[in-house]
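K.L.:
Working from the sequences, and respecting the hints, build out all of it.
Chains A and B supply the protein sequences, listed in that same order.
Going by this note's numbering, the letters in the first sequence line up with residues 1 to 246, in that order.
Going by this note's numbering, the letters in the second sequence line up with residues 247 to 1210, in that order.
FYI, nobody ran anything at the bench for these hints, they're computed from the structure.
Misleading hints may appear alongside valid ones.
[Unchecked claim] With the C-beta cut set under 7 Å, the calculated list includes, among others, these residues of chain B facing chain A: (1) T256; (2) P257; (3) A259; (4) L260; (5) A293; (6) L300; (7) L307; (8) Q333; (9) G375; (10) A1124; (11) D1128; (12) R1192; (13) T1195; (14) P1200.
[As the list claims (entries may be wrong)] Ranges between beta-carbon positions, derived for each pair: (15) A:R35 / B:P404: 47 to 53 Å; (16) A:A210 / B:D424: 52 to 58 Å; (17) A:A210 / B:D411: 56 to 62 Å; (18) B:D895 / A:M56: 43 to 49 Å.
Don't be surprised by glycine CBs; every beta carbon is placed ideally from N, CA and C.
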Amino acid sequence: MNTKYHRPRTLDAALALAAGADAVILGGGTTVNARPGRPPGVLVDLQALDLAGIEMDGGTIRLGATTCLQEVVDSGLVPEVLRDLARLEAPGTIRNAATIGGTIGAADPESPLLTGLLAFGARVSVARAGSITDRPLEEVLADPGVLRGGVITSVAIPAGGRAASHGTARTPMDRPIVMAVAHRDAGGAIRMAVSGVAPHPVLVDPGRLAELDPPADFRGSSSYRAHLAEVLTARALATVGRGDRA
Amino acid sequence: MTIQLTINGTPRALACEPHESLRAVLRRAGFYSVRYGSDTGETGAAAVLVDGRLVSADVMLAAQADGHAIETVEGLTVPGEMHPIQQAFIDAGAIQSGYSTPAMVLAAKALIEKTANPTEAEIRDALSGILDRETGYLRPVHAVLRAAATMRGEEPDPIRVAHLDRLVGSDAPHHDRDGLSPIAPRVVLSEDVPVSRVVGHAETKTDAVKLAKGNPAFTDDRDLSGTLIAKVLYSPHAHARIVSIDDSAARALPGVRAVLHHGNVPRVRYASGGQSYPNPLPYDQVSFDDKVRYVGDRVAAVAADTEEIARAAIDLIDVTYELLPAVFDENDAIVDGAPVIHDEPGMEGAHDAGHNIVHHIQAQTGDVEAGFATADRVFEQTLRVHQVQQTPIEPHIAIARWDSDDRLEIISSTQVPFHVRRMLAPLVGLPVRQIRIIKPRIGGGFGAKQEMLIEDIVAHLTIATGRPVRLELTREEEFISSRTRHPQTITFRTGIDAEGRLTAQEMRIVANTGAYGTHGLTVQMVSGMRGLSSYNSPLKRFDCKVAYTNLPVPGAYRGYGAPQALFALESHMEDIAAAIGMDAIEFRRRNWTKVGDPIDIAPQLGEGDPGAGTVPIITSSGLEEAVLQGQRAIGWQRRDDAAWRQPADRPHVRRGLGFAMAMHGTAIPGLDMGGASLKINDDGSFNLLVGATDLGTGSDTVLAQIAAEVVGVGTEDILVYSSDTDLTPFDTGAYASSTTYISGTAVKRAAEQVRSQVIDRAALLLGVDVGSVDLHDRAAWSTDGRSVTLGEIALSTLHQKGQHQIMATASYVSPDSPPPYAAQFAEVEVDVETGQVTVMQLVMAVDCGVPINPVTASGQVEGGMVQALGYGQCEEMAYDADGRMVNAAFGPYKIYRADEMPRLEAILVQTMEASGPFGAKAIAEIPLDGAAPAIRNAIADATGARINTIPFTPERVWRALQAL
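P.N.:
So this is what it looks like as structure tokens:
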């Protein structure tokens, strides 16, 4: 099997490798290494870059790309709702390796954490040779191609505000069939993100849920998922308080 | 590439390929405690510490670990000493198969190093990535609490058996539950049971130390150099003829040593279910066929130098299929015009292969229609149970090789080594004597390994290559190509009189046995037995059609037809009680079988001799006591508390409690046989050789306790070996809840002969009559208080005078199958806006006769209830329209993990079953029988929704609520 493994020491070196056609970026590797057959490629392991850590930067919480999910769970800086969603994202054996950047790169279509980050208005910093661009998470989820050839360096969310998540699942720690996460910022503006109603977590307008056409699977039909979206967004809104009353 | 890392404090340089997992590289370096459960990291059996953090070595590349410090459980091992965490796992009874115990020990180590005084929630979170199919997590969680206490310098309380007051016939207030440790085994003593020294005590599991240390003990831990790796090509189609197979490209690949398929393997018909001779018909399988009947059916097998080459070779096999229409539902399969699944020439032994009806089982006692005609009311209800998988964390694995005598030796993770040897012989054209099957420790089986599933493949490949060959199923292969639980459509019809007594009861089943018959006959016979012998009815009828379909193959799964039957029966009985306005437990009590009642339908359903005219009679039952204990433990009176039922702070939540009774069997009467051999060693210890097959349940320990009790020693003086077809006596194997009762009686009889031989010599040495010698405390005692140790007796008989080997062999088959009983209770919260059900608590009180070991028996109940919880609530094999399983991985296939568990409680209600060894009946399977109906009835209690289909997924429950 023609796999090559690289552990670049600098971001520039990583970017040079990432530009290759068959480059695969490794955060913790918990998704990439779980793919059947582990197709050959040039593995670019980011662990030696100085990208881990969570810091408060003015009104912004910045999570370095190689911060593992367990550090998110344990962080006193991260809002409690996101910490809970990071816990729900994966069990301990995976959280200790999986990274926040990798979670975005892997783009699990039902990720609770991505749903939460979406509600918080997360912005993703993507480095390319000579530049770093900030993109809203919703753009990255809608078109993962924007990451190609680049390296996620960090994710930023605003500090403050209120948030709530409500999901329905087969068991308490199962991946929710549908989950709604609401975030209300200090100014009262509400962002509502929902998983399980589209091919990836999406931002929704709570007044226009009827326009959703959720994909069905064995855990939930389309109409049931649409119903859950109504119930769960209403609960999330009720928990954060309606923006117009703030 | 070469990586530099520290393993357990020692710097190491290891060669690896860039794509290799850390698990593969650690195992190659001899760290066998790092175990395979999945490729995708979901099971946690391969969890290790990397820089002190618990990570899955399945999904970490060895290359990623370059430069880091790795810890495995081998690093905790100091000769002669146990680490406090390992000791706590042993003491708490937290180890069943032990397959994932090393990972749990490491999880505990990382947590305690971070937090000296962890909470239960923190422990559950730390264990969240290690799936356990065996314990229900209760004992592992408390093992970690105890370990943390010990490491803080505290001394945790010893685990004592808690004796609960008997409630039947007593109305005094009881305080015996106050302050009870969650892992103290709860036993309600019976005054009919005599006091014993070893039996009935919480003895340490005989294999616990090696399992806690992660010693090489499992099939995959045998390191045979030059072993080829086998891979199987599975059918991608649900129903197709193989028009041609071109294996030339695969054969041409360097490193490929054999490619086998229907074109080059003799066509010998067999049935794969591990059952006694002659195996039940039909013989509808061959090792490789020219037709495939489900997605996951075998097409071809390869042996190659490496796994990669084997995989590549599989991809190079060019198969041309002629696709055939497929059918998946059992009711659709048996109608005119359905695709015929077994249309091959020479097919025999099926009832009506042209209509896919493998068996048509009928049984009756009298004329049920007359009973319905005289009934006050008649109720009819149809229910559906679905397909689930056993999911042992250790998948099927077997290694074959030629030994130095040119005999075929197969090391296999099997529950039925003796059946495998006999069944394999004709397939590979060898006499039985030229085959040896060795069963090492097993990482769980639950019936999936009561099957000759893969041994023929490694045998064929070893014969073809002359080399050792290893085949281990991946997690996905385990789901689609091993065995599962039979789906059924079940209809009950029940007549009752004005007093709520049954006048007639009929059970009709259409069962789905998938593509092959294997256990299709006997599982459904058990369904009939359990469905129609739990309650007294003067008239009974059973009618069951077993259908072939193009689904993956159902087989034996712990419970074996009973969970299906009891879900239907206990839902039906609940609903009848509601319809006639009678208390649901009182209605059942009026009808359930009691001591002295006949099991009149048993002889027609394979239990007892229908020609002999004798009917089994129930000789012991603790059901009434079990019900009272369970009601008390779950707080049954809360059903009448409106504020509890509808919590004010969560308006969308309703709470409810549910009940189900269960009655099971203990071994197959007249069929299950076990042998045991016991011999003394120079130091007064004994070797106990049994064919019985401990698959993690603790049966070796139970058998050792029985032997120890008889010969007056401790469990630690009995060295158990199970099982090896060359070394141990025959045993039918670990199934049908038979080991304690059948193999235990064989052990007891062998031990009684040994006891007699020991006493003979003791009498000689002490100069007294044999009648005045007793054995206890490792010595023989005369009535005047003098004694001679068993070691002295052994030396005397082996070396000094009238030399002979004190030893005996015995076997046992029982004419009886005394039923264990159980009362299962469940507490649920239902979100009535979404249909989400949260199971808060499960309590099961079980009458298993006398529990030989209350800790292992409690562990069976705790873990079994959780499998049953999954069956009822969240596990299902889901398929697309073409019959491809869409969720063949943990996660999508949901089994409970440590951090989302309901509270669990097991209560053991003693009865003295005179036919069992020291009063024992079975415990292994009955824990699977009650949770699904108890949860169903709790949902009905909470919301009024009566759901006749499992599992109770949110959408199903929500739709039922919408229909109210």
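K.L.:
If a hint holds in the structure, say so; if it does not, say that too.
P.N.:
Now the hints, each set against the structure:
1. Taking 7 Å as the C-beta contact cut-off toward chain A, the hint placing T256 of chain B at the interface is violated, the least distance being around 23 Å.
2. With its C-beta approaching chain A no nearer than about 19 Å, P257 of chain B sits outside the 7 Å limit, and its interface hint is violated.
3. This hint is violated: A259 of chain B has a C-beta 16 Å from the nearest C-beta of chain A, more than the 7 Å allowed.
4. With a cut of 7 Å, the hint placing L260 of chain B at the interface with chain A is violated, because the nearest CB-to-CB distance is about 14 Å.
5. Against a cut-off of 7 Å between C-beta atoms, the interface hint on A293 of chain B holds, since the closest Cβ of chain A lies about 5 Å away.
6. For L300 of chain B, the shortest C-beta to C-beta distance to chain A is roughly 6 Å, which falls under 7 Å, so the interface hint holds.
7. Taking 7 Å as the C-beta cut-off, the interface hint given for L307 of chain B holds, the closest approach to chain A being about 6 Å.
8. Violation of the interface hint for Q333 of chain B is found here, the shortest Cβ-Cβ separation to chain A being roughly 23 Å, above the 7 Å cut-off.
9. Annotation: G375 of chain B was flagged as interfacial toward chain A, and the flag holds, the nearest CB pair being 3 Å apart, inside 7 Å.
10. With a least beta-carbon distance of about 4 Å to chain A, the hint placing A1124 of chain B at the interface is held under the 7 Å criterion.
11. The interface hint given for D1128 of chain B is violated, since its Cβ lies 14 Å from the closest Cβ of chain A, which is over the 7 Å cut-off.
12. Hint status for R1192 of chain B relative to chain A: violated, with the closest Cβ pair at about 20 Å, above 7 Å.
13. The interface hint given for T1195 of chain B is broken, as the beta carbon of that residue sits about 14 Å from the closest beta carbon of chain A, more than 7 Å.
14. Against a cut-off of 7 Å between C-beta atoms, the interface hint on P1200 of chain B holds, since the closest Cβ of chain A lies about 5 Å away.
15. At roughly 49 Å, the beta-carbon separation of R35 of chain A and P404 of chain B lies within the given 47 to 53 Å, and the hint holds.
16. Between A210 of chain A and D424 of chain B the beta carbons are some 55 Å apart, a value that agrees with the proposed interval 52 to 58 Å.
17. The hint said 56 to 62 Å for the Cβ distance between A210 of chain A and D411 of chain B, and at roughly 60 Å that hint holds.
18. Checked against the hint of 43 to 49 Å, the C-beta distance between D895 of chain B and M56 of chain A comes to roughly 34 Å, which is inconsistent with it.
Hint compliance for this structure: hints 1, 2, 3, 4, 8, 11, 12, 13 and 18 are broken, all remaining hints hold.
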